[in-house]
Amino acid sequence: MPATDDHLAVARHNEEFAKLLIAEYQDRYADWATTALFYAAVHYGRALLAHRGCPTITSHLTFGAEFLVHTRNKRLYSMYRYMKDESERARYDCSTHTAVEVQRLETSRLSHFRDAVLHLISVTEKKG
Amino acid sequence: MLTQTSLAEAVSVQTVVTSQRRPASQTVRSSFDEEPALHEWRPPAGEEVSDDDAEVVPLPPQPLPVLYKPAPQSVMEFVKRLAEIGTVKCVVVEETDMGVIHITTFATGMSDSDRDAVYELEADVIEQHGSAFDFHLRRAEEAGATPAMIPGRHFFAIWGGLDASDR
Chain A
17 MPATDDHLAV ARHNEEFAKL LIAEYQDRYA DWATTALFYA AVHYGRALLA HRGCPTITSH
77 LTFGAEFLVH TRNKRLYSMY RYMKDESERA RYDCSTHTAV EVQRLETSRL SHFRDAVLHL
137 ISVTEKKG
Chain B
5 MLTQTSLAEA VSVQTVVTSQ RRPASQTVRS SFDEEPALHE WRPPAGEEVS DDDAEVVPLP
65 PQPLPVLYKP APQSVMEFVK RLAEIGTVKC VVVEETDMGV IHITTFATGM SDSDRDAVYE
125 LEADVIEQHG SAFDFHLRRA EEAGATPAMI PGRHFFAIWG GLDASDR
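So the protein sequences, as listed, match chains A and B. The working numbering puts the first residue of the first sequence at 17, with every later residue one more than the last. The working numbering puts the first residue of the second sequence at 5, with every later residue one more than the last.
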């Protein structure tokens, strides 16, 4: 089972990949940049659950619901769901994303999600 | 409302009476509920038995799967509340083989506030009924056509087509 730091490393990795795609290719691979941001959120979320000692989530299907059950934070759930839907739009509905939209997704959703998760992890570490 | 077979309940059956001669007054019961079992054991006519004849054998707790099954009512409540959001066109509900309830909401011209309203309703369902849900929110104009049913146990709750004029 990956530890908190393992998930955080993958989250940052995915985030960097999204930024690289936009920096190098602008709109061309904005769909995959969107998906990379979503998977960054997934790993930030899993990092928090791992940090709290939650049971391993074996099904990706119910991750969002499990995340809410364990965190009881509707605001974070809403951010996660927004990024999930944007990723699915890009992957399944052939939606055209732009670099501007990816940057907006990063600043309006992922950055808040990430900062909140890191804050919650650090608060717990200080208490420990 | 969830129906649930909890691990605690399941493992609470730790002893059973195994004897060919069971006390006449004893009724076989299940710890899963308060309903008596299907039959009541009685000794053959003319035979007398006592509690001394019963052999109590402890059984170790057995790990059993914990099953969550969201009742349809939870889904219907969600759908009713969802219908109050003007941009929502329809919702498709499917139960997967793994028991996960897959719910996809289709909407047109959604604003971010509409989306947040849908996510809020989803969160309410999860908080009240557990985590056996997989929610999706899709743009009807991008999905197009009519949602296709998949094999297996499922049900639809649709109050309009995906075409905006059908609403």
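There could be a bad hint or two in this list.
In silico DSSO-like cross-links for lysine-lysine, where the CA-CA straight-line distance does not exceed 30 angstroms [to be verified]:
#1 A:Lys35 to A:Lys100
#2 A:Lys100 to A:Lys90
#3 A:Lys35 to A:Lys90
#4 A:Lys35 to B:Lys84
#5 A:Lys100 to B:Lys84
Note that these hints are calculated values from the structure, not bench results. The model shown is predicted, which means the values in this text are computed figures rather than measured ones.
Against the structure, the hints:
no.	hint	in the structure
1	A:Lys35 to A:Lys100	holds (18 angstroms)
2	A:Lys100 to A:Lys90	holds (15 angstroms)
3	A:Lys35 to A:Lys90	holds (27 angstroms)
4	A:Lys35 to B:Lys84	violated (41 angstroms)
5	A:Lys100 to B:Lys84	holds (24 angstroms)
Going through the hint list in order, the structure does not satisfy hint 4, though it satisfies all others.
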